[in-house]
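Asks: Throw the hints in and build the complete structure from the sequences for me.
Single-letter residue listing:
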Amino acid sequence: MTSILQLQRCTTCGKIQYPPRELCSACLTDTLEWTAAPATGTVLAITELHHTHEPSFYTQQPITVALVHLDSGPTVVCFIDALCAAGDRVHIAASIDTAGRAVLTAAAQPPAAAVAQSQ
Amino acid sequence: MNYADVVACAPITVPYVRRSDKSAAWWLGTALRHLLDTSGLAKGQIDGLCLSSFTLAPDGPAPFAQYIGLSPRVLEFLPYGGACGIIALRRAARAVQCGDADIVACIAGDTNGANTFHDLVAQFSTFSRDYVWPYGAGGPNQSFALLTDHAMRHTGVTRADFGKLCVAQRQWAQRNPLALLRGDLTLDDYLSARPVALPLRLYDCVMPCAGADAFLVMHRAHAESLGLPHVRILATIERHNAYPDDPIQYRGGWAMDAPTLWHHAAIGPADIDVIQTYDDYPVISMLQFEDLGFCAKDSGADFIRNNEFGPGGSRPHNTGGGQLSGGQAGAAGGFLGLVEAMRQLTNQAGAHQVPNTRHALVSGFGMINYDRGLCTATAVLAA
Chain F
1 MTSILQLQRC TTCGKIQYPP RELCSACLTD TLEWTAAPAT GTVLAITELH HTHEPSFYTQ
61 QPITVALVHL DSGPTVVCFI DALCAAGDRV HIAASIDTAG RAVLTAAAQP PAAAVAQSQ
Chain V
1001 MNYADVVACA PITVPYVRRS DKSAAWWLGT ALRHLLDTSG LAKGQIDGLC LSSFTLAPDG
1061 PAPFAQYIGL SPRVLEFLPY GGACGIIALR RAARAVQCGD ADIVACIAGD TNGANTFHDL
1121 VAQFSTFSRD YVWPYGAGGP NQSFALLTDH AMRHTGVTRA DFGKLCVAQR QWAQRNPLAL
1181 LRGDLTLDDY LSARPVALPL RLYDCVMPCA GADAFLVMHR AHAESLGLPH VRILATIERH
1241 NAYPDDPIQY RGGWAMDAPT LWHHAAIGPA DIDVIQTYDD YPVISMLQFE DLGFCAKDSG
1301 ADFIRNNEFG PGGSRPHNTG GGQLSGGQAG AAGGFLGLVE AMRQLTNQAG AHQVPNTRHA
1361 LVSGFGMINY DRGLCTATAV LAA
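These protein sequence lines are chains F and V, in that order.
107 is the number that my numbering gives to position 107 of the first sequence; each next residue is one higher, with no gaps.
1264 is the number that my numbering gives to position 264 of the second sequence; each next residue is one higher, with no gaps.
Each hint can be trusted.
Straight-line alpha carbon distances no greater than 25 Å define the calculated SDA-like cross-link-like pairs of lysine to any residue that follow: (1) 1043(V) - 1102(V); (2) 1043(V) - 1015(V); (3) 1297(V) - 1270(V); (4) 1043(V) - 1069(V); (5) 15(F) - 1243(V); (6) 1164(V) - 1187(V); (7) 15(F) - 1242(V); (8) 15(F) - 1370(V); (9) 15(F) - 1125(V); (10) 1297(V) - 1271(V); (11) 15(F) - 1245(V); (12) 1164(V) - 50(F); (13) 15(F) - 1127(V).
Hints in this document: simulated from the structure, not taken from any laboratory.
Replies: Written as structure tokens, this is what we have:
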């Protein structure tokens, strides 16, 4: 059971990249497509934020944020379940935040919605 | 290729302040006035200008030249953050060496109003704005917390090790009237400070402020005729976006270029009398110790434990207090270590002078973008 994450893939050289851009950072072509990459990876590092520059986050502190090395190649900045630790295997899920931005969250288990979708 | 008889001289600082309602142009222009006062040069004799500033926008270098009534024949804008000072030195030295300019003023400065830092961080780059800011808007504290967490897990370096560096820098700052943070700081204060972005606490994090630093580059004969104490440039390196395939940053571009640096300098790390690392967060100082060859990779913790970095110590480090005790005046943070090294080498450092300083290393690190710092540069200077 794997949750699904849409990432940019270059159809010329095969590189999967994140953050997305208008060119492939390896071969510089613009032959990019969105692909369903395995949303699994390993936690590289975690921080617990007690200070934010954005008032909309004031009430949510402390916020746990991680760098996760995806099995498909890139490293993503993401929210993470506070129970996770560096070195853990995690699943990444995308959602929309209150400002309408797509954000990624890592957790030990794939989210229920993603499980249901993939069944 | 070496820099022949090109020298750097006239280090000046427009004293930093926590907040300023002046514009970046005021800070940069005032720095140029200080350079003229220090050197005795007329404004019209400055025919090259290397500028760095985050808050000069929307103006760039040419509108700024008009603003201050200068007509340079070499004009560089170097948006490389903490690496801008050494890169300015490199660009200026080659321009003088090759005859494109006779006297180059290198200036970095920024203002810091009520919302300056927030606006700068929120709009720093497309990657940072769209793929980091939405995750708690922690700014550089957040990025460096992740790099620090990783370094602690993988090398065994502890908060006490980082604290040792911070406390030593505060001891230097207490001898430097230009440093903004001069109160007593103990290791206990450091360890028990309020959390900011764990594992980082308050004294791990540089304090944004306003200010400017500057120096001049010219032929030695010219500096001598002006009676200006000067320093020689033994070697420099510069690298951008090094090791892009490392999943997390545990080394910087210094590691790629350190052999070149020491080869051209024709001295080694053991010959360096004062080390000025880029220190917006202490983990980055440790990476510089390792990547520049002061110790082996992943042995930074032992290097910190086996040396003393404050006044009278075995490895005088960030001898003006660094940014952690001096403040970070935007792009001027990329000049702070350079002007401090120039003061040490010309015996102008006053109460924080390290006796008999012959060789200095200055290192820069800039542009924290997405998950890592992109720009590195280093200079080895000699009296």
